[in-house]
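Number of protein chains: 2
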Amino acid sequence: MYRSHSCGELRASDINKEVTLSGWVQKTRDKGFMIWVDLRDRYGITQLIFDEERTPRAVVEKAKTLGREFVIQIKGTVIERESKNKNIQTGEIEILVNELTVLNEAIVPPFTIEDKTDGGEDIRMKYRYLDIRRNPVKNSLVFRHQVAMQVRNYLSKEGFIEVETPYLIKSTPEGARDFVVPSRMNEGQFYALPQSPQTFKQLLMVGGMDKYFQIVKCFRDEDLRADRQPEFTQIDCEMAFVEQEDILNTFEGLTRHLITEIKNISIGDFHRMTYNEAMQTYGNDKPDIRFGMKFGELNKAAQHKEFKVFNDAELVVGIAVPDGASYTRKEIDKLIDWVKRPQVGALGMVYVKCNEDGTYKSSVDKFYDQDDLAKWAEITRAKAGDLICVLSGQTNKVRAQLSALRMELAERLGLRNPEEFAPLWVVDFPLLEWDEETERYHAMHHPFTSPKPEDIDLLDTKPGEVRANAYDLVLNGNEIGGGSIRIHDKETQALMFDHLGFTPEEAKAQFGFLMDAFQYGAPPHGGIAFGLDRLVAILGGQETIRDFIAFPKNNSGRDIMIDAPSNIDDTQLKELNIKLDL
Amino acid sequence: MYRSHSCGELRASDINKEVTLSGWVQKTRDKGFMIWVDLRDRYGITQLIFDEERTPRAVVEKAKTLGREFVIQIKGTVIERESKNKNIQTGEIEILVNELTVLNEAIVPPFTIEDKTDGGEDIRMKYRYLDIRRNPVKNSLVFRHQVAMQVRNYLSKEGFIEVETPYLIKSTPEGARDFVVPSRMNEGQFYALPQSPQTFKQLLMVGGMDKYFQIVKCFRDEDLRADRQPEFTQIDCEMAFVEQEDILNTFEGLTRHLITEIKNISIGDFHRMTYNEAMQTYGNDKPDIRFGMKFGELNKAAQHKEFKVFNDAELVVGIAVPDGASYTRKEIDKLIDWVKRPQVGALGMVYVKCNEDGTYKSSVDKFYDQDDLAKWAEITRAKAGDLICVLSGQTNKVRAQLSALRMELAERLGLRNPEEFAPLWVVDFPLLEWDEETERYHAMHHPFTSPKPEDIDLLDTKPGEVRANAYDLVLNGNEIGGGSIRIHDKETQALMFDHLGFTPEEAKAQFGFLMDAFQYGAPPHGGIAFGLDRLVAILGGQETIRDFIAFPKNNSGRDIMIDAPSNIDDTQLKELNIKLDL
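Here the protein sequences line up with chains Y and G, keeping their order.
Mapping to my numbering: the first sequence position 260 is 260, numbers consecutive.
Mapping to my numbering: the second sequence position 9 is 9, numbers consecutive.
Misleading hints may appear alongside valid ones.
Which copy? The list can't say, so a pair holds if one copy fits it or any two copies do.
Below, a list of computed lysine-lysine pairs in the DSSO-like style, where the Cα atoms sit at most 30 Å apart [unchecked claim]:
#, residue 1, residue 2
1, Lys-490, Lys-126
2, Lys-138, Lys-157
3, Lys-157, Lys-75
4, Lys-27, Lys-490
5, Lys-361, Lys-138
6, Lys-138, Lys-217
7, Lys-579, Lys-217
8, Lys-75, Lys-361
9, Lys-305, Lys-294
10, Lys-574, Lys-86
11, Lys-462, Lys-31
12, Lys-305, Lys-84
13, Lys-508, Lys-17
14, Lys-138, Lys-508
15, Lys-286, Lys-452
None of these hints come from the bench; they were simulated from the model.
Remember, it's a predicted structure, so these values are computed and weren't measured experimentally.
Bound conformation, chain Y alone (with noise of 0.2 Å):
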């Protein structure tokens, strides 16, 4: 038996208890007559010491020739600790040690194993068995364990049950990229991996399973945004039988569950917005609702005058921020260095101050008299104290700089609360988007949304304006999950094929399978898949997913602790009936 507790159990209470405990050295102190050593296991730190007086000459010796990350076990006393220290909770008691023995040693490791360590992120990413023995990574590796555990035994008691559907399945070429997996009893042919399970959960919906679950680990071969993995984990869930609210509250329930179970957090009502007013008000799909900075749209209040840039503009837009009138023209210069950086890429900015005393002194007071900014301020919402910034220009454009704006504003000004968590659905999503690439149109969600029935007849005459029934759930400006009501019957899942362009052909080729299970008695359906990785990061209150995942690739898609991706060599090649072609 290697121990008989922990590292982290040993209590006041145990005192005169004869232990053994194994872990690894954190640390040590070597006072000559005495050595106190630091003994860490995944449960905490136990004091240990070694003293001339009290413990066999020989155990001290070795002691001595203990360093960083030895693994031990000793046997010893609990005694009660001189100096005791409050901030772990063994911190009461030390083990006089009268054994000890190394049951491995170790090399110095490349960087140190303390909360803040001295690596970087390469270095910690070669020797991540490392790494997760620092209490930052272990504790969110642990904290996603407890969020999956709650996820699964919410929905199961909900009555979902969690179904595993297949990882080899047929490619796409719908969408982003499939990686791909070669067959070796079936020359010539391929596996896809999944970038969702979405047409077998409604496969399952078909098959009456009724209400289903899945945490999955979802592929996605594409250049790697940062933050972005290209095996990522989905919490996947499909219903049968329900209208977008049914869905809506399932969800809210189970997002309310975690929010007050994990963060011991409770919130209010989910508030509810159209995609079109996320747009309008926030500039963005997932608006961060925490705080206010509401866009006000100034087209009717400023292209009246002779401000040529404004005229020409597609959309004029300003934000109002708080006590943001004391800036200086040095503090403003950089605010519009700041919107004219590539990342955010404005030509420029308006600004106007609006003082205590209730005037407005602004950048284009050549253009604007007194009573045109008063009705700005109005717009946008400013008090006295407040600073109005404006931009203008191309309409999806300027939202995006806009909301950049807003956020990095918010950022600075300290208006994102890390305790506060403000959930929004927003619904009414496009069901197509067109894509200045291909000239045509694409799903925004996928090609099994349904479109609003009311919608439908819009879809020959302007396709960009046909509403879905789809939804997002958003958190503190993090899209953490998202979904809709699908097609279920054959002829409109046939319709929205031809609308992307499918030929018939291409369609039964691709998604036969579906269509045909749509004539055996499908049900209605529909349901929402959350991202893992992130909705674990804003649970944590972290910004990246980095952390939550216990070996994550880099930016190119590499695993630089196993050094995979690999070459193989030419027979498994020839196996697999490929060559490369380079």
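With chain Y fixed as given, assemble chain G onto it according to the hints.
Okay, now just chain G, sitting in the frame of chain Y:
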């Protein structure tokens, strides 16, 4: 709202309630003035009644058009049923319908959606979504979910953390075959899908996670024997600071919990047996110990006479068949034919009838006298009335043959009680096994399994006799789990790779990251993995695992429902930098 209740929910206490139900038409009985419809969903069946006197005429007319598997919604009143059906939980009530909506029509399904269907395996696989509507499949999937939840909650309470390990890993030439995945971003390189998360879970132990588990898909691209799948699910577990005894106790706890909770059966202590004992006593390393018929080795008692067949054999071994002495000559001939089938492969069988009067009658009376046969009876534990079956030949072969005969007879004699669960630990597996084809030793478990310290010296002299710290959990003749205490130091791991025929360079290229990790303070560790598909099938009292997998593949590794694997187009191949080589 599609429904106020499910189809399995309403009881006599709900009489007079106005309800809305949705579901599938299981069957209709049209008596002209009255129509009954059985409405089905996941939760049960509720009888609907359309009554010319009490139901609106148009509704009755519409009800006459309903076909099997139509999806409908009805509103009506819960009333008391005239002829109650005690077999179903809703059998005391029926719904007097006054509104009917057809949500989706259905064409005639290719097989009946009944517990006993008329559909063969192939057609049911092609239309798996219809097969899932049938109770046997649906209930198996629900059962699987319940088992998985029990596993997760039990292990979680025991302090295990579920950690997701990557699916896109590195290909290893060792062991069964990898599925590989070409990387678009890393030209000419490949990921592999994991055959198991073995090295990752060991790295998690090096990383101090202490107790890990994961219910995880694993992949093996090999010829599929009946009831194997290219993707399969494991309950993968690992613990640090443990000896074999700790692992056996922990997972004895899990298995006991499952059998108690799921089957409501309490079981006694788990038996233990060494690999050698299992092979000698049952001819098999996964013996079904619910019944006797233990092997009796007869070399000493049978090789002293002129019977050349026995004298030339490496092993002469028999079992006693309870009450087999009454078998007719014809029945015994049939048994002899059975063992001579190519699947079993014996050349013949010697038998001894143990007559009720204490005398013996054998097929080798020419060579052996009554004293000899009495001795055989003693060794095989045969009682008066039993039949002794004796096989002889090369040890491994004859053991396999007699083991097959033992199982067959037990099946015929009804000795394999499906309500009994008799778990057994088989321990002390050999570390290495000789492979005739490659003419070298292979790791019997895997290259990370530790040898028993007292046997290490045999590695150079008698490698086949080195025992490993490896164990299997066997349930009713099926291996449901297997594991080992791992090597945790670089030197032993290098020694092991050396004995498996790796050059140091090959070992470093493949597993350098693991051996590196062992230098930084690796704790002693070990683990186990359970095959969830089989475990669930056995707990569910079934022989085949397919019904417990939502979308299984056939023996050629094909998903015939979605028609995968399939061809992919040239553009896709080009982007992946590969071409076909048929």
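Here is how each hint holds up against the structure:
{"no.": "1", "hint": "Lys-490 - Lys-126", "verdict": "between (50 Å within a copy, 18 Å between copies)"}
{"no.": "2", "hint": "Lys-138 - Lys-157", "verdict": "both (29 Å within a copy, 18 Å between copies)"}
{"no.": "3", "hint": "Lys-157 - Lys-75", "verdict": "between (45 Å within a copy, 27 Å between copies)"}
{"no.": "4", "hint": "Lys-27 - Lys-490", "verdict": "between (67 Å within a copy, 24 Å between copies)"}
{"no.": "5", "hint": "Lys-361 - Lys-138", "verdict": "neither (53 Å within a copy, 71 Å between copies)"}
{"no.": "6", "hint": "Lys-138 - Lys-217", "verdict": "both (21 Å within a copy, 23 Å between copies)"}
{"no.": "7", "hint": "Lys-579 - Lys-217", "verdict": "both (28 Å within a copy, 28 Å between copies)"}
{"no.": "8", "hint": "Lys-75 - Lys-361", "verdict": "neither (76 Å within a copy, 66 Å between copies)"}
{"no.": "9", "hint": "Lys-305 - Lys-294", "verdict": "within (24 Å within a copy, 102 Å between copies)"}
{"no.": "10", "hint": "Lys-574 - Lys-86", "verdict": "neither (64 Å within a copy, 63 Å between copies)"}
{"no.": "11", "hint": "Lys-462 - Lys-31", "verdict": "neither (81 Å within a copy, 51 Å between copies)"}
{"no.": "12", "hint": "Lys-305 - Lys-84", "verdict": "neither (74 Å within a copy, 82 Å between copies)"}
{"no.": "13", "hint": "Lys-508 - Lys-17", "verdict": "neither (72 Å within a copy, 45 Å between copies)"}
{"no.": "14", "hint": "Lys-138 - Lys-508", "verdict": "between (48 Å within a copy, 28 Å between copies)"}
{"no.": "15", "hint": "Lys-286 - Lys-452", "verdict": "within (21 Å within a copy, 59 Å between copies)"}
In this structure, the hints that do not hold are numbers 5, 8, 10, 11, 12, 13, in rising order.
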